[in-house]
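Read top to bottom, the protein sequences are chains Y and E. Per this note's numbering, residue 226 is the first one in the first sequence, and the count goes up by one each step. Per this note's numbering, residue 9 is the first one in the second sequence, and the count goes up by one each step.
These are calculated hints, taken from the structure and not from any lab test. If you're wondering where the values come from, they're calculated on a predicted model, not measured in any experiment. No residue lacks a Cβ here, since even glycine has one placed at the ideal position from N, Cα and C. Some clues are possibly wrong.
[Unchecked claim] What follows is a list of derived Cβ distance ranges for each label pair: (1) E:210 / Y:528: 47 to 53 Å; (2) Y:501 / E:137: 23 to 29 Å; (3) Y:416 / E:71: 52 to 58 Å; (4) E:194 / Y:256: 50 to 56 Å; (5) Y:435 / E:22: 50 to 56 Å; (6) E:18 / Y:434: 39 to 45 Å; (7) Y:416 / E:28: 52 to 58 Å; (8) Y:230 / E:144: 32 to 38 Å; (9) Y:230 / E:194: 30 to 36 Å.
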Amino acid sequence: MNIKKIKLIRTFQEGLDNFRRNGWLSFATVSVLAISLYIISFTVILGITANMVLKNIQDKINVSVYFNSDVEESYILEMKDKIVGYPEIKSVDYVSKDQALDNFRKLGDNNQSINQALEELGENPLLASLVIKANLPEQYEIISKSIGGSVFAENISRIDFEDNKKAISRLTSIINMVEKTGLVLGIIFVFIGILITFNAIRLTMYAHKQEFEIMRLVGASNLYIRMPFIFEGIFYGVASAIIVFAALLITAKFMAPLTEGSINGGDIFSFCFSNSFIILPALLLFGILLGTVSGFIAIRRYLKI
Amino acid sequence: MIRFENVSKIYPGDFVALESINLDIQQGDFVSIIGPSGSGKSTLLKLVYVEEQPTTGTVFFNDRPLDSIKTKHLPYFRRNIGTVFQDFKLLPQKTAYENVAYALEVSDGSVEEIKEIVPEILDLVGMSDKMEKYPRQLSGGEQQKVCLARALVRKPLVIIADEPTGNLDPNSTLEIMQLLLKINSMGTTVLLASHNKNIIDKINRRVVELNNGRVVRDNIKSKYNV
């Protein structure tokens with residue numbers, strides 16, 4: 226076995242021994258690292274899922290353009306083809322009179338009085354419509370105005386935007402605020418997490434202060450002194466990542482009922498679970514990075530470089 | 009072998025630890041550096057194993073100026089020197105055997121080398137039967153013997169001992185001194201700092217006396233007080 230390999234094994238063994246031997250200190254450091262990691266990842270996942278929930282809600286916003294009852298279906302479809310190309314418009318769906326009646330009945334869910342009322346009327350009182358979805362909530366105003374003032378205007382009975390205007394603009398500002406807040410909070414938490422971990426590991430290094438001096442005097446190179454602690458940092462990172470992963474899943478499970486159906490048809494738990502193959506490696510990477518870089522920096526003052 | 013040429017060491021705050029030191033030590037010498045506390049004994053030794061650098065002047069090791077050694081090469085230089093201290097400086101989480109082995113591991117010793125040399129050295133200092141004990145399980149004298157073994161394990165050119173018997177009882181003190189003399193008789197240079205009058209008188213070797221950072225006496229065969 227060549228000398229590099231021997232060195233690696235020796236320092237690995239040292240690192241492992243340090244990790245196991247230090248009992249309480251290791252436990253404390255891993256806990257601190259785990260808490261920081263948990264806060265950071267929780268914020269990130271919350272941010273991502275909140276974003277998804279909001280986009281879902283956004284998707285449900287639309288503007289309905291109702292046509293006068295004497296307008297021909299072909300005319301409406303012609304208009305649909307025309308406006309579907311507008312840059313602001315994401316999609317246009319045609320809802321015929323019959324379909325509108327169907328939807329209404331489904332909504333009513335076999336409500337006695339509704340069915341009776343319909344019977345009495347005899348004919349379908351509902352109007353055909355185009356359901357328009359925009360790319361961004363801010364664009365509904367433009368779309369509504371331009372359709373209202375367009376050549377199709379005389380055939381339009383009403384545009385269902387004015388009623389929703391307040392809700393849409395409020396939703397837009399909520400979405401923007403949540404995104405901004407999430408980003409700021411996220412950055413703050415990442416910063417705090419890193420600081421806390423760094424200090425915890427500095428403490429560990431301080432506990433080894435005497436040993437560093439001895440190792441230097443006996444003629445150990447800087448790398449030889451460092452390596453066991455880099456390995457130790459890796460162990461801390463792995464241990465915390467596993468703990469945090471379990472903690473995240475448990476938290477998600479608890480939060481699942483609150484978020485049912487809001488995230489792509491599932492809840493926050495199924496989201497986390499199905500994305501485990503991204504979340505776990507990310508945790509491992511970040512945990513190990515945090516553990517080893519902190520150790521690397523913290524040890525410098527004892528190496529008298 | 010070790011040469012001080014007009015060496016001075018001044019610490020921040022204008023504290024003069026050493027002043028105009030000129031000293032010449034040959035291979036195989038046994039030199040005792042004596043003087044009251046604060047006279048600069050430890051500082052002198054620190055300059056040899058480069059824990060400190062002189063403010064002016066140069067320290068030479070085998071004609072090589074020590075200030076020319078790059079910081080990253082220091083560990084390799086230090087492997088020529090065995091150090092023993094008053095406070096032992098053993099790694100607390102390792103057994104006596106492991107402490108001595110560590111010195112070899114650090115200089116890339118092979119597994120076979122370690123298995124062969126470490127028990128030998130521990131036997132030399134009389135600690136064969138306590139190899140598996142931890143420092144906290146050993147007496148002061150025993151710990152110092154382990155330190156000596158560690159200092160010897162790489163067959164260094166010089167042993168530097170900074171008040172090695174400072175924390176020891178008279179019996180252990182004698183044992184350690186006898187070991188040092190034995191090591192010296194096998195060719196290793198020994199640089200000893202001490203303010204133990206009795207011991208210095210007994211061994212009747214070269215004495216360098218420091219006072220206020222200056223060499224006031226350098227006698228080939230001498231006692232603590234003339």
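Verification of the supplied hints:
Roughly 41 Å separates the CB atoms of residue 210 (chain E) and residue 528 (chain Y), a value that falls outside the hinted 47 to 53 Å. Between residue 501 (chain Y) and residue 137 (chain E) the CB atoms are about 56 Å apart, so this pair departs from the stated range of 23 to 29 Å. Distance hint check for residue 416 (chain Y) and residue 71 (chain E): the Cβ-Cβ separation is about 54 Å, which falls inside the suggested range of 52 to 58 Å. Taken as a hint, the range 50 to 56 Å holds for the pair residue 194 (chain E) and residue 256 (chain Y), whose Cβ atoms sit roughly 53 Å apart.
Against the hinted window of 50 to 56 Å, the Cβ-Cβ separation of residue 435 (chain Y) and residue 22 (chain E) comes to about 30 Å, which falls outside the hint. Take residue 18 (chain E) and residue 434 (chain Y): their Cβ atoms lie about 27 Å apart, and the range 39 to 45 Å is violated. Residue 416 (chain Y) and residue 28 (chain E) have their C-beta atoms about 54 Å apart, which keeps the hinted 52 to 58 Å range intact. Distance hint check for residue 230 (chain Y) and residue 144 (chain E): the Cβ-Cβ separation is about 33 Å, which falls inside the suggested range of 32 to 38 Å.
A C-beta distance of roughly 35 Å is found between residue 230 (chain Y) and residue 194 (chain E), which places it inside the suggested range of 30 to 36 Å.
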